[in-house]
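Colleague: Protein chains in written order, with this note's numbering: chain A, 350 to 1028; chain B, 350 to 1028.
Rather than coming from a laboratory, the hints here were simulated on the basis of the structure. Check the hints yourself; a few may be wrong.
A pair counts as met if it fits within one copy or between any two copies, since identical chains are not told apart.
Claimed, not checked - Under the rule of at most 20 Å between Cα atoms (straight-line distance), these lysine-lysine pairs were calculated in the PhoX-like manner:
no., residue 1, residue 2
1, Lys-936, Lys-659
2, Lys-936, Lys-1002
3, Lys-358, Lys-988
4, Lys-974, Lys-485
5, Lys-398, Lys-358
6, Lys-418, Lys-832
7, Lys-1002, Lys-1017
8, Lys-358, Lys-485
9, Lys-830, Lys-514
10, Lys-659, Lys-942
11, Lys-613, Lys-514
12, Lys-988, Lys-655
13, Lys-832, Lys-859
14, Lys-502, Lys-524
15, Lys-358, Lys-559
16, Lys-604, Lys-424
17, Lys-387, Lys-397
18, Lys-942, Lys-613
Computed from a prediction, not measured in an experiment: that's the story for all the values here.
Protein chains: 2
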Amino acid sequence: MSNPEIEAKLAPLRAAVLEQGNLVRELKVKGAPEIDVKRAVAELKARKKVLEDRELELTPSVVTFDRSKMEDLLKRRFFYDQSFAIYGGITGQYDFGPMGCALKSNILSLWRQFFVLEEQMLEVDCSILTPEPVLKASGHVDRFADLMVKDVKTGECFRLDHLIKNALEKLSKEKTASAELKAECEDIVIKLDGMNKQEMSDVLAKYNIKSPLTGNDLTEPIEFNLMFATQIGPTGLVKGFLRPETAQGIFVNFKRLLEFNQGKLPFAVAQIGNSFRNEISPRSGLIRVREFTMAEIEHFCDPNQKNHPKFESIADTRLTLYSACNQMDGKSAQQISIGEAVRNNLVANETLGYYMTRIHQFLLTIGIKPECLRFRQHMNNEMAHYACDCWDAECLTSYGWVECVGCADRSAYDLGQHTQATGVRLVAEKRLPEPKTVEVSEIVPNKQALGKTFKKDAKTITDALSKLSINDVNDVEQTLKDKQEFILNLENGSEFKLTPEIISVKHSTKTVHVEDITPSVIEPSFGIGRIMYALLEQNFQCREGDEQRCYFTLPSVVAPLKCSILPLSNNAEFNPFIRQLSTALTKAELSHKVDDSSGSIGRRYARTDEIAIPFGITVDFDTLKEPHTVTLRDRDSLKQVRLGIDEVIDVVKNLSVGRVKWSQILEKYPVFEQQEATK
Amino acid sequence: MSNPEIEAKLAPLRAAVLEQGNLVRELKVKGAPEIDVKRAVAELKARKKVLEDRELELTPSVVTFDRSKMEDLLKRRFFYDQSFAIYGGITGQYDFGPMGCALKSNILSLWRQFFVLEEQMLEVDCSILTPEPVLKASGHVDRFADLMVKDVKTGECFRLDHLIKNALEKLSKEKTASAELKAECEDIVIKLDGMNKQEMSDVLAKYNIKSPLTGNDLTEPIEFNLMFATQIGPTGLVKGFLRPETAQGIFVNFKRLLEFNQGKLPFAVAQIGNSFRNEISPRSGLIRVREFTMAEIEHFCDPNQKNHPKFESIADTRLTLYSACNQMDGKSAQQISIGEAVRNNLVANETLGYYMTRIHQFLLTIGIKPECLRFRQHMNNEMAHYACDCWDAECLTSYGWVECVGCADRSAYDLGQHTQATGVRLVAEKRLPEPKTVEVSEIVPNKQALGKTFKKDAKTITDALSKLSINDVNDVEQTLKDKQEFILNLENGSEFKLTPEIISVKHSTKTVHVEDITPSVIEPSFGIGRIMYALLEQNFQCREGDEQRCYFTLPSVVAPLKCSILPLSNNAEFNPFIRQLSTALTKAELSHKVDDSSGSIGRRYARTDEIAIPFGITVDFDTLKEPHTVTLRDRDSLKQVRLGIDEVIDVVKNLSVGRVKWSQILEKYPVFEQQEATK
């Protein structure tokens, strides 16, 4: 982004964003009416989008990337493909083939090592099927919805924003379209993201938008909840959903987990698992799907102690931060050390900063390119209903910057909601700096009188009284004093008249050493499918001078297979060596593939490159002679060395786990140049 | 089972089974009416059950095991517990806490190494949400159901067999019950498993069974499909289910996987993932649940070549086999080498035998006791609709012998079903021993005449003709000859009269080198939750002389955490050593737990034993002196040794992965006896 020629082209767009950003700030400071602020924010977003689109158009890696070529390779070598294709397929569902599955499993295994092991997290594995009350409390039943319209005759559904966008883009491309109409359409498309139900409905009416498939009329916009519903058990009475995120499983287990951690804060809980969203119109391949794997962390801490013991060890790491402020000013993202970012309050606290840095390190380790990774802060108006600060790790792809990891401060929202819904107090005890004395007011029933008056209801009354808050107790006391009676109303509608003979209020003091606090939650949430997609795209390459020979430069630590074994030809004398090598690689826990199919060695190398195998061992006629040697080839540099058959396994192991670099191998062993040339 | 006293008690029961087994055989040989065979089989099963129940009553490990004590520990230390408990919980759903999750993840990781890596399997990861036509083809929509009845007033559901069992057991315990009634009830309970809908309905009527909760009348038995239904997409028109097994995802991807394997048979595909069954009344903890993790393998092979290249390497392994024949003869399971079992046709083929042996090896590696593991062959009448031979690996628990791994020969059933449903031929090409010449008959349309006569329908007609089988073509030829016309009927109801001017039949020959075959499938299918339950139960122990100190003897390779670090007291001087050890263990990828809470060292050791930590490092006052040393404690033997702080990490690593045994450590380092005694 520092190219002066490009910056010159972007300068007016940056200025336009800045102007609008300042207007928004000004309106907020002035306390302008909400509708004015909203309108200004919509315009700000529109200008930001123009800037971002233009930036992408000028980004060389995005411009030269050939998506269909990569998708063809992914499909052909079955990294992943549409589910149930022989039955016509279902959009938004993908099956991972052997290479995609191994890549995913390697990423997850590294994730466990990186987070669960290294940070001593508690990993859990909770149910996917979730009863309705849990998701009612979390807000998903009421708010997790997109707008759609239906064809009134066929029932075909369309996601409303997509429909309007396509209709207006088509309209503005018509020959008869005036310049004015074109500008109007473009303006609406840009502002769509910020529009509410009524505004979109008005657009539908104004442009008389019909079903694009049949030309039929459309219904009014409908809120469509994105959760998959089902019934748990045979009665049909217990409604459940497939979880839309894994987080809720952790929150409802908070008490057990706190106890496992011996009652102490802070602690972090991790979960890897599938979540489900019934997208109205899934698209963009792995980026917007109906079924996906997440890896989520919930870090529970004292809301007043968000510092982190290991922060110093990572404080000098430089991240690319795209703050809300920069976004409003039309500036680009900035490189800054996380230590400085926290000192300047750009990032809210050490714990958030620590996790952002660990996310950064993890993504680079698996092969995301540093220049294609940034952390974008959510602006106030785009924060989810539960979040109070949020930075997304975004990876650059041909679809633009894609959110791959969210890192949100959910504060006490979720624990509070579940406490309210269940009456189970999801809190931790915090030792007070010094013991304090508190006043206690409680209602003391005269058991004999109570039992005599109310018989079997006595227990219900006692229970109800014991649940009153301190304020309620004071009210009861006042009422008893004023009216010589207090009417207790229960939820089931029954009423009981209580007199001073039956109950009295007792005041006392007690010394407490701890107080209850609802922990804050900081949540890094990884979308594994999106990360995989960005990773594949950023590592897709074609050989110079041969556009048909494509390969993936995936780091060996996540590559689906670590090594190939290729006999030079189908000469039977090679077989014992192939078997020996395969057995030894298995023993060293190195996944590998023997390719003894016909086809030139060059063609077979190319096939192993396509599935990202970083190293290849070739058995040739020199292998038959003593001392037995093989060649070892590096996928990225295409260089080969010759070395002893009993050394090669250790070398591949060390290369695979990153203990040595290929450059060190090149220094140690003689370079070999024959095979690939003879293809 | 070789205890002569026990065998004496079992002898009459064994004889009763044998007698009935012989009767069943005799009826089958005679070709007796099906109803007679069925009745005899029901009686056989009943006698088998009496024998098995008695065997269990006489098994010491089952008798002495205290299930509630173990369940209390599992709950208290959050291995797993009921999901959504703060919302009242859902039966049949469990959340795995940190220890359960780590145990599960270690088992799965070992499974991957044992099967996917070592056997070079193709691992895939397919969608959970499955559209209806897929499960219609597999037979699940029509046949995957249990019988239930509903309370006519409240709608409460009861699984029919459970309901009858409970009602009759209650009835026969009543004081007024005659000996005759008691015997009748007992007889029905034993035969329940083999009863059909009508028979159970008759039992309901005969004993006038009502709802056990309300005493209300019950509906007639209803078939309740055990799959969770939902809608995919917003239209409400695409019905889907949560998969009831992972296998179908593999079958529908068969073509892609065959291609990935370069068209060659045999190959094996593996998948680890969640499946769902909407049990009517889940029970028995982890054994019958609604949501569970499976690890499945589908081994595709030529139906005529079920030998296995690695069979020789495992042929001497001795397994405990409980054949269908032994079951009919009232005999107990027998120990036999798998080589001999295959030679004797006890086990159908080498591939099945190879997988059974690998399952056996895997289960022993993770800690299942050899004396509590057997392979039971399904009898003809209990085979699933797709299977043609099946051996279950069963683990002994306090619930009896529990099926933990199924190992079935599914033959060509599934691929055939999906071929039929989709028209996509799921076959492999097999090279013929020598090329052969085949006759080809095809219908050749006169395009001009066809187009002129049928206009836009011409293409439909050509397509329909090209799909005719060779027999159909011959019929067409004959009809044309006889009647000078052929009426083509299409599925949509349209008819076309074709004359010899419009179509003719051409005969030719061609040479083919390959033939299409539908592969056979051998399927080992692991129920991970059941394996975990059996593993925990078989490894649950209490210290001699202290029944309150319980622990799990899980092998270190699957133990949730490998090592604990305990400071002898909260002396601050210990802290740097604790940190140093924790960092070094993390670097060595060893999961561990620091327990620096207050409490005597003995009490803390006991806490680590409860969560199955196999090794414990203690930092004490001698650690502070140079050369710095620590103690290392073995969970199972309670023995401790003293060794250098810089040696201990390597020792724990080698112990954890099984490279050395504790006995070797005891020989090498001085035994230490102080701490535990001072508690």
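Colleague: From the Cα coordinates, with 20 Å as the cut-off, is the pair Lys-604 and Lys-424 best called within, between, both, or neither?
Modeller: The answer is between: 13 Å across copies meets 20 Å, while 45 Å in one copy does not.
Colleague: Check Lys-358 against Lys-988 for me: Cα-Cα at most 20 Å, and say if that holds within a copy, between copies, both or neither.
Modeller: neither (41 Å within a copy, 74 Å between copies)
Colleague: For Lys-974 and Lys-485, with the copy left unspecified, which applies at a CA distance of at most 20 Å: within, between, both, or neither?
Modeller: neither (72 Å within a copy, 59 Å between copies)
Colleague: Using 20 Å as the alpha carbon limit, work out where Lys-988 and Lys-655 are close: within a copy, between copies, both or neither.
Modeller: Cα proximity of Lys-988 and Lys-655: none, with 49 Å in one copy and 42 Å across.
Colleague: Give the relationship of Lys-387 and Lys-397 under a CA distance limit of 20 Å: within one copy only, between copies only, both, or neither.
Modeller: within (15 Å within a copy, 75 Å between copies)
Colleague: As a check of your reading, is Lys-502 near Lys-524 (CA-CA no more than 20 Å) within one copy, between copies, both or neither?
Modeller: Neither, since 30 Å and 67 Å both go past 20 Å.
Colleague: For Lys-358 vs Lys-559, is the C-alpha pair at or below 20 Å within one copy, between two copies, both, or neither?
Modeller: neither (39 Å within a copy, 82 Å between copies)
Colleague: Tell me, please, which holds for Lys-418 and Lys-832 at an alpha-carbon limit of 20 Å: within, between, both or neither?
Modeller: Neither, since 84 Å and 55 Å both go past 20 Å.
Colleague: How do Lys-936 and Lys-1002 come out at 20 Å by Cα distance, when the copy is not named: within, between, both, or neither?
Modeller: both (11 Å within a copy, 17 Å between copies)
Colleague: Within a copy, between copies, both or neither: where do Lys-832 and Lys-859 come within 20 Å Cα-Cα?
Modeller: Intra 30 Å, inter 107 Å, cutoff 20 Å: neither.
Colleague: Between the shortest in-copy and the shortest cross-copy C-alpha distance, which are at most 20 Å for Lys-613 and Lys-514: within, between, both, or neither?
Modeller: Neither, since 51 Å and 48 Å both go past 20 Å.
Colleague: Are the CA atoms of Lys-358 and Lys-485 at most 20 Å apart within a copy, between copies, both, or neither?
Modeller: neither (49 Å within a copy, 59 Å between copies)
Violated hints for the displayed structure, listed by number in ascending order: 3, 4, 6, 8, 9, 11, 12, 13, 14 and 15.
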